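6 protein chains.
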Amino acid sequence: MFYHDKKLQYQVRVETPNPAFAKLLQQAIGGIEGEIRVCLQYLFQAWGSRGPAKYRDMLLDTGTEEISHIEMLSTAVALNLEGATNELKDKVAGENPIVSSILGGMDPRHVLSSGLAAMAVDSNGVPFNGSWVVGSGNIAADMYANVMAESTGRVLATRLWELTDDAGMKDMLAFLIARDTMHQNQWLAVIEDLGGVGSNLPIPNTFPMSDQVREFEYAFVSTNIEQPPAPDARWASGPSIDGKGEFKYVYASPLGQEPVLGPPDVKGYAQEQQMTGGLDKGILENIKDTILP
Amino acid sequence: MFYHDKKLQYQVRVETPNPAFAKLLQQAIGGIEGEIRVCLQYLFQAWGSRGPAKYRDMLLDTGTEEISHIEMLSTAVALNLEGATNELKDKVAGENPIVSSILGGMDPRHVLSSGLAAMAVDSNGVPFNGSWVVGSGNIAADMYANVMAESTGRVLATRLWELTDDAGMKDMLAFLIARDTMHQNQWLAVIEDLGGVGSNLPIPNTFPMSDQVREFEYAFVSTNIEQPPAPDARWASGPSIDGKGEFKYVYASPLGQEPVLGPPDVKGYAQEQQMTGGLDKGILENIKDTILP
Amino acid sequence: MFYHDKKLQYQVRVETPNPAFAKLLQQAIGGIEGEIRVCLQYLFQAWGSRGPAKYRDMLLDTGTEEISHIEMLSTAVALNLEGATNELKDKVAGENPIVSSILGGMDPRHVLSSGLAAMAVDSNGVPFNGSWVVGSGNIAADMYANVMAESTGRVLATRLWELTDDAGMKDMLAFLIARDTMHQNQWLAVIEDLGGVGSNLPIPNTFPMSDQVREFEYAFVSTNIEQPPAPDARWASGPSIDGKGEFKYVYASPLGQEPVLGPPDVKGYAQEQQMTGGLDKGILENIKDTILP
Amino acid sequence: MFYHDKKLQYQVRVETPNPAFAKLLQQAIGGIEGEIRVCLQYLFQAWGSRGPAKYRDMLLDTGTEEISHIEMLSTAVALNLEGATNELKDKVAGENPIVSSILGGMDPRHVLSSGLAAMAVDSNGVPFNGSWVVGSGNIAADMYANVMAESTGRVLATRLWELTDDAGMKDMLAFLIARDTMHQNQWLAVIEDLGGVGSNLPIPNTFPMSDQVREFEYAFVSTNIEQPPAPDARWASGPSIDGKGEFKYVYASPLGQEPVLGPPDVKGYAQEQQMTGGLDKGILENIKDTILP
Amino acid sequence: MFYHDKKLQYQVRVETPNPAFAKLLQQAIGGIEGEIRVCLQYLFQAWGSRGPAKYRDMLLDTGTEEISHIEMLSTAVALNLEGATNELKDKVAGENPIVSSILGGMDPRHVLSSGLAAMAVDSNGVPFNGSWVVGSGNIAADMYANVMAESTGRVLATRLWELTDDAGMKDMLAFLIARDTMHQNQWLAVIEDLGGVGSNLPIPNTFPMSDQVREFEYAFVSTNIEQPPAPDARWASGPSIDGKGEFKYVYASPLGQEPVLGPPDVKGYAQEQQMTGGLDKGILENIKDTILP
Amino acid sequence: MFYHDKKLQYQVRVETPNPAFAKLLQQAIGGIEGEIRVCLQYLFQAWGSRGPAKYRDMLLDTGTEEISHIEMLSTAVALNLEGATNELKDKVAGENPIVSSILGGMDPRHVLSSGLAAMAVDSNGVPFNGSWVVGSGNIAADMYANVMAESTGRVLATRLWELTDDAGMKDMLAFLIARDTMHQNQWLAVIEDLGGVGSNLPIPNTFPMSDQVREFEYAFVSTNIEQPPAPDARWASGPSIDGKGEFKYVYASPLGQEPVLGPPDVKGYAQEQQMTGGLDKGILENIKDTILP
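If you're matching them up, the sequences are chains D, S, U, B, V and C in order. Numbered per the UniProt record's numbering, the first sequence finishes at 293, counting up by one with no gaps. Numbered per the UniProt record's numbering, the second sequence finishes at 293, counting up by one with no gaps. Numbered per the UniProt record's numbering, the third sequence finishes at 293, counting up by one with no gaps. Numbered per the UniProt record's numbering, the fourth sequence finishes at 293, counting up by one with no gaps. Numbered per the UniProt record's numbering, the fifth sequence finishes at 293, counting up by one with no gaps. Numbered per the UniProt record's numbering, the sixth sequence finishes at 293, counting up by one with no gaps.
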């Protein structure tokens with residue numbers, strides 16, 4: 001069950017409202033790298049957690065923390081939008097064509113749709129999409145999904161930090177960047193808690209290795225028709241990361257057949273020519289009489 | 001530049017066509033764990049690759065291989081759908097209410113829209129979405145995105161393997177499961193090639209650690225109001241995974257203020273009561289006369 | 001800032017797991033009538049709230065409660081899915097065509113993608129969409145958006161209640177149905193708190209009535225070409241609901257012109273025939289030589 | 001059945017074409033507050049209307065009127081885009097970096113995709129989405145959905161009115177604002193026609209009140225951990241809006257259990273460690289031999 | 001401006017309600033091949049029509065007709081759903097696992113969300129998407145978009161006709177199939193009206209042929225690495241369809257360079273190793289000191 | 001199976017990087033007129049091809065070529081973005097309000113999300129959508145879908161050509177424009193290869209003409225209530241394009257009934273008033289006691 005108080009997890013100050021920066025911040029709210037995604041992802045993973053309870057508890061702790069991050073960023077968007085309506089009006093209505101186009105730096109829906117507040121969308125106004133909430137039921141797969149989310153999330157936060165000179169905004173982002181540092185370490189710590197990379201790979205580690213086609217389980221397949229020599233790289237030779245095989249480097253060549261599908265289903269309403277080869281209209285008519293009612 | 005031949009990378013056989021399994025296979029084609037996603041993800045990462053060329057070359061090799069996987073799965077869907085139209089007709093038109101509902105096991109669009117062929121959708125018919133194609137420009141973040149994709153992808157493939165008794169389908173999936181084993185190892189091998197986990201974390205490793213709010217960079221924040229003791233877990237104490245700090249366990253408490261936003265913009269057409277406190281209609285009227293034209 | 005404990009707001013019991021009911025419950029989680037929508041809607045309205053603070057506080061209270069509802073429903077989905085993998089396997093792999101199609105009653109992604117847990121999708125597997133999160137900055141418009149959400153939400157919950165015989169599920173839904181009763185009353189109570197329907201309509205009440213085209217502000221426009229007589233209905237005559245006018249009943253007829261757009265832009269690459277009327281190829285060639293470089 | 005003539009419902013004039021305003025107008029065409037949504041919403045409600053015929057007839061009248069509104073706005077977009085290609089060319093191609101960025105004020109697809117015409121998208125180019133078309137089969141729920149659509153729609157129209165100085169555009173919007181006034185009153189008049197708010201709440205009013213968990217049907221639940229006193233507000237005490245109960249104010253506390261899910265399904269390919277607690281690799285191997293084939 | 005009456009364009013009868021067929025019919029309403037798409041497509045093309053007025057008038061006529069088709073199909077869905085709630089209840093609640101799964105043949109939202117009425121979604125419940133509404137401003141491109149829509153639409157309608165034995169439904173579909181016959185002919189008649197295929201190709205015909213890279217304008221490029229001989233096919237040799245060139249058959253070979261992108265932007269927060277080659281941690285540290293603040 | 005080399009199909013040069021043009025180019029990558037769509041469309045048509053093998057081979061050739069086009073355009077986007085981060089920083093952070101708004105000309109996600117590389121989105125940042133990938137199983141319908149894709153694609157490419165003065169970009173686009181010329185001719189050549197327009201229309205040509213409602217198969221239906229005379233146009237009289245009938249021009253009038261749906265399902269939780277006419281509360285109560293448990 002969930003509770004709240006009325007304060008923010010960390011202070012949010014905006015010295016100079018900037019509607020263009022409000023637009024950029026939306027990426028950290030409703031974008032695929034954003035906080036709604038990690039919030040729902042950790043909570044759904046918690047709510048579906050099967051196995052040792054400590055993982056569920058941890059996911060619940062951090063999923064709840066992320067709600068507070070959405071709150072901080074939404075507050076930051078609203079503060080950056082203070083006064084934006086008048087500014088937009090001047091721009092759109094203005095006679096000066098250069099000035100009139102300044103609208104572009106804003107999300108117009110911040111004025112038109114939300115009345116100077118954050119929305120559940122990304123920096124282009126594309127809505128948050130529930131498909132981004134990954135919880136597979138396999139804890140190792142989920143931890144890598146979480147590392148990925150916190151990695152792209154921290155990259156995003158550093159870029160936002162770079163794009164503002166507002167001291168308040170830099171401070172808020174510096175806090176969020178620190179939290180992403182922890183969370184990257186945290187999810188990888190779960191992998192260690194589970195015995196480390198080797199004992200978890202390949203994910204899922206419950207599928208019997210003997211049931212996969214073993215010849216290709218550690219082969220790097222080069223699809224380059226020029227067949228260049230193997231590079232001097234970790235993935236081209238030597239022991240595999242999971243310690244269960246040796247990398248090898250092979251050139252792609254087909255092992256399968258040329259696929260042949262059956263003719264179109266008579267009731268599926270393809271063209272006659274697909275069923276007969278399309279060569280002879282007279283034959284087509286005969287066939288049609290025969291095969292079609 | 002890209003080329004093809006007419007054969008498949010690995011053989012695709014279907015002993016007993018099963019439209020219900022065709023529907024399930026769509027998850028591996030157009031789902032978020034599917035092959036269109038990894039194909040475009042690796043290719044877009046290659047096309048945007050900046051830095052040492054060997055990473056670009058490798059991404060191009062594997063991105064191209066994934067096109068062949070989409071081709072294999074699409075062939076498998078078409079073969080599983082042979083004869084499905086007549087079967088569906090019997091079901092929908094049948095008088096027997098039990099029989100008439102068998103439609104549910106299929107994707108109806110396999111008959112209605114594609115004429116017994118694969119589509120760019122998932123197992124519920126939800127279209128592939130380009131937002132899933134992740135390429136951040138930061139190679140470590142991208143590698144974890146790729147590990148995640150291959151981990152959820154292999155989990156999916158093993159579940160599909162479990163859900164069929166068709167020897168041909170099991171064989172095809174056993175090949176794809178092996179390739180996912182390699183690709184999980186491959187992307188983690190890139191992390192090693194880049195110096196290992198420690199020298200890559202936190203991602204991005206180019207943001208100065210000193211610019212983040214250091215007090216929180218390795219703190220696990222428990223948001224549980226019951227404030228339970230720290231668990232005996234890898235993420236609650238001890239050295240951080242990146243070797244740059246010590247985990248600590250803290251209880252959530254607000255560091256920020258209660259947020260206060262300005263009043264609604266007069267031109268933003270909020271309700272009068274929002275601007276005046278909503279208490280006194282007479283006052284409202286006066287204000288309206290004053291502040292609104 | 002947000003907190004949690006480890007218990008549920010209300011008990012969630014499933015006596016007989018039923019994967020088909022798990023699919024239906026997804027509508028109440030990730031559907032447009034569902035709990036993710038109301039949760040984010042109330043929280044975003046709170047975070048963007050401008051005007052008297054008591055409305056913000058209330059929105060925060062109820063938005064937080066809704067997280068607990070997502071948690072209850074997600075738990076219910078997971079409990080209904082216990083054991084579903086084996087069941088699905090039997091169905092897909094079975095030789096009996098009737099049995100093999102039972103898959104249809106489930107969301108296949110509950111097995112393939114989530115490992116028997118809830119997802120952020122609706123009952124057809126269509127992902128939650130952030131566009132549903134409405135917060136306009138106008139409190140009266142937002143309250144009606146909230147009444148609408150709780151009304152369609154309660155209709156959904158009663159239909160789910162009707163479709164199950166499981167005593168645990170009926171009990172959980174009976175609780176959620178009660179909460180929707182409160183929330184419908186609550187949002188309409190805000191309208192009263194703001195002075196009642198009359199003083200809030202038309203929304204926004206800050207736009208000067210004199211600036212709209214007054215002739216049509218209370219006219220019901222019948223677009224029926226048969227021009228039937230006005231019905232004996234509340235909206236066809238008598239005082240308007242806001243008490244600021246009288247309903248009238250009029251027949252549609254155009255007040256505007258036939259629209260005439262300019263010719264295509266020469267650089268916009270329309271067809272030649274659009275620019276010349278398409279009548280005379282010789283003329284077209286001449287024009288092309290002239291107007292195109 | 002539907003008919004048309006060639007004139008517009010109300011005149012549409014643009015004195016000074018403004019591509020930036022064309023972009024803003026798209027919100028009123030293809031946005032969630034826009035006319036495609038209300039048009040399809042009222043028509044689908046009409047086509048699915050069950051019960052007294054007068055509601056169906058009314059919905060058909062107004063749904064048809066809304067097509068004419070889409071037509072007016074689409075005409076306005078096209079007129080605002082006259083001449084925009086050349087302007088855009090100058091901007092993108094220009095050497096002056098300030099000038100070259102003016103593109104931002106436009107929707108680039110107005111030039112690239114539609115050839116200076118309206119599209120079925122919102123002001124950020126996000127496509128119209130059919131999920132917004134609400135028709136629940138419960139007439140009271142639908143009426144509140146319609147009030148909400150007309151309230152956010154009128155708020156949008158007033159903001160657009162504010163953002164232009166073009167007399168033609170202001171006139172067209174003043175007409176649409178008047179129609180939204182009527183439609184807000186109209187949908188609430190249906191509630192009165194149905195007996196008023198009290199006899200319709202809670203929606204649906206056909207679910208027996210005795211079947212909901214009565215203790216919580218009029219309780220405001222404060223989730224604030226600081227447990228502030230009840231506010232002096234309409235929703236915290238006094239009779240409920242539907243006249244069927246008394247509001248009360250309570251503090252959140254869990255009534256449910258800590259949820260416990262079963263272990264992962266053996267065939268669902270979770271990690272071994274989820275099934276065994278992850279503590280002992282030797283044990284894991286033994287278990288694997290036993291539980292996995 | 002638009003009008004309606006209360007009758008249907010063509011009779012809609014359902015002899016035996018079938019919720020499974022209601023689900024299939026949704027493809028013809030809200031699917032990409034469906035009537036909402038063609039309706040909006042023709043109307044938006046009309047509203048943006050530039051050039052001779054007769055094309056606009058025709059598009060308006062047919063776009064309006066398509067509203068009546070949505071109406072017919074929505075009526076058919078509602079009639080097929082009569083009585084479906086009780087049926088669904090039996091299925092979901094039933095103890096018999098075979099019976100309980102019959103849900104799959106229906107769209108669950110027909111009961112849960114719409115109350116036995118049509119929705120703006122396809123046969124899998126995926127919402128209509130405004131991106132499908134194509135109007136390019138080039139009339140020839142638009143006519144081929146319309147031919148395509150009516151061709152996939154008629155294929156869909158014939159498949160639906162095949163899947164029902166209900167005489168009423170077959171009759172309604174036989175009418176819609178006839179209308180699609182007309183509309184295919186109609187859009188191709190516009191091409192003839194514009195001077196025929198030859199004078200319209202390549203579309204747009206206003207781009208000077210001399211400005212494209214002429215060597216490749218009629219070359220079929222085989223990307224098959226086995227370089228098979230040219231097939232005996234219309235597209236491999238002989239005059240081009242537009243009469244402006246000769247088809248030739250060539251084998252793919254790269255004409256471009258190996259792309260080389262610049263190094264990552266220092267402020268874009270890529271990994272250090274991308275900027276330095278990743279070889280030498282000591283060097284990395286030095287560089288970091290230098291290039292990063 | 002698929003292969004690649006490391007060069008581009010045609011040279012890609014950017015003389016002056018222009019982030020605004022990078023944004024426009026995204027339409028040709030991830031837009032509905034773009035190269036991901038045609039690539040997947042031709043490949044999925046190939047993989048599902050039933051009937052003579054030569055069509056499959058051809059689709060595979062051209063589908064593979066389109067991957068190379070995505071690669072060229074993605075390279076062009078990356079080259080146009082060189083140096084964009086610093087530029088953006090200046091703009092957002094700048095104090096000068098005019099300068100600070102220049103952001104609008106760019107896709108902010110090119111800096112925030114992709115690190116100066118292409119993404120699978122359109123020019124407004126809306127993600128590619130798999131629903132655009134059309135393959136109906138009917139070859140004639142598919143060929144018109146392909147003509148449509150290449151027609152809107154070539155219109156787009158010419159508009160992009162018009163909007164740049166960069167010699168490298170103009171050269172690349174001139175190549176792509178030539179390829180679109182070929183592909184338009186190619187798909188229409190398939191129609192000829194199949195016997196020409198007449199023998200393929202109406203699509204599908206396997207549905208017996210006698211089974212459609214013949215009275216309306218060549219009738220242009222005018223829905224204009226003013227009933228104007230038939231225009232002098234190819235589609236209003238004379239032989240139909242398929243040579244199987246005569247066009248006629250008729251005025252719309254309803255042939256169907258006024259639809260009457262049954263009352264709401266008692267278990268579907270409509271409002272009482274819908275079931276009783278809403279006239280008499282006493283009666284309602286009685287009915288409720290009777291029909292509702």
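These aren't lab readings, by the way, just hints derived from the structure by calculation. Source: prediction; values computed, not measured. C-beta: ideal position from N, C-alpha, C; glycine also. Just so you know, not all the hints are guaranteed correct.
What the simulated footprint calls covered on chain C by chain U, stretch by stretch (three residues with Cβ under 8 Å from a Cβ of chain U suffice, anywhere in the stretch; the number is not a length) [claimed, not checked]:
id: 1; region: 66-72
id: 2; region: 223-232
Calculated from the model, a selection of chain U residues having no Cβ within reach of chain V, i.e. all distances over 10 Å [unchecked claim]:
id: 3; residue: LYS6
id: 4; residue: LYS23
id: 5; residue: GLU33
id: 6; residue: PRO52
id: 7; residue: LYS54
id: 8; residue: LEU163
id: 9; residue: GLY168
id: 10; residue: GLY195
id: 11; residue: SER199
id: 12; residue: SER210
id: 13; residue: VAL213
id: 14; residue: GLU215
id: 15; residue: ALA236
id: 16; residue: PRO263
id: 17; residue: GLY268
id: 18; residue: TYR269
Far from chain C, by Cβ distances over 12 Å, these chain S residues were calculated [to be verified]:
id: 19; residue: GLN41
id: 20; residue: ILE67
id: 21; residue: SER131
id: 22; residue: VAL133
id: 23; residue: GLY137
id: 24; residue: GLY198
id: 25; residue: TYR249
Here is how each hint holds up against the structure:
Coverage of a stretch by a chain is defined here by at least three residues with a beta carbon nearer than 8 Å to that chain's beta carbons; for the region 66-72 of chain C and chain U the count is 0, and the condition is violated. Restraint check on the region 223-232 of chain C versus chain U: 1 residues with Cβ-Cβ distances below 8 Å, three needed, restraint violated. Taking the minimum C-beta to C-beta distance to chain V, about 31 Å, the non-interface status of LYS6/U holds against the 10 Å cut. A cut-off of 10 Å between C-beta atoms contradicts the statement that LYS23/U is not in contact with chain V; the least separation is 7 Å.
Interface exclusion of GLU33/U from chain V breaks down, the closest Cβ pair being 7 Å apart, not more than 10 Å. Chain V leaves PRO52/U outside its interface by the beta-carbon criterion, the shortest separation being 35 Å against a cut-off of 10 Å. No beta-carbon of chain V comes within 10 Å of the beta-carbon of LYS54/U; the shortest separation is about 34 Å. Here LEU163/U does not stay apart from chain V, with its beta-carbon only about 5 Å from theirs, under the 10 Å limit.
At roughly 13 Å, the least C-beta separation between GLY168/U and chain V is larger than 10 Å, which holds for a residue marked as non-interface. Distance to chain V confirms GLY195/U as a non-interface residue, since its nearest Cβ pair spans about 34 Å, more than 10 Å. Against the 10 Å criterion, SER199/U stays outside the reach of chain V, whose nearest CB is about 34 Å from its own CB. Residue placement check: SER210/U keeps its beta carbon more than 10 Å from all beta carbons of chain V (closest about 27 Å).
No Cβ of chain V comes within 10 Å of the Cβ of VAL213/U; the nearest lies about 16 Å off, and the non-interface call holds. With a cut of 10 Å on Cβ distances, GLU215/U stays outside the contact zone with chain V, its closest approach being about 17 Å. The claim that ALA236/U lies off the interface holds: its Cβ sits roughly 17 Å from the closest Cβ of chain V, which is beyond the 10 Å cut-off. A beta-carbon of chain V is positioned within 10 Å of the beta-carbon of PRO263/U; the least distance is around 6 Å.
Taking the minimum C-beta to C-beta distance to chain V, about 6 Å, the non-interface status of GLY268/U is violated against the 10 Å cut. For TYR269/U, the shortest C-beta to C-beta distance to chain V comes to about 4 Å, within the 10 Å cut-off, and the non-interface label is violated. The Cβ of GLN41/S sits about 9 Å from the closest Cβ of chain C, inside the 12 Å cut-off, so the non-interface label is violated. Residue-level check failed: ILE67/S sits 4 Å from the nearest beta carbon of chain C, not beyond 12 Å.
SER131/S, annotated as away from the interface, has a beta carbon of chain C within 12 Å; the closest lies near 4 Å. The claim that VAL133/S lies off the interface is violated: its Cβ sits roughly 4 Å from the closest Cβ of chain C, which falls inside the 12 Å cut-off. The beta carbon of GLY137/S is not kept farther than 12 Å from every beta carbon of chain C, the shortest such distance being approximately 2 Å. The claim that GLY198/S is not at the interface with chain C holds, since no C-beta of that chain comes within 12 Å of its own (minimum 23 Å).
In this structure TYR249/S is separated from chain C by more than 12 Å, as the shortest Cβ-Cβ distance comes to about 33 Å.
Of the numbered hints given earlier, the model fails hints 1, 2, 4, 5, 8, 16, 17, 18, 19, 20, 21, 22, 23; all others are met.
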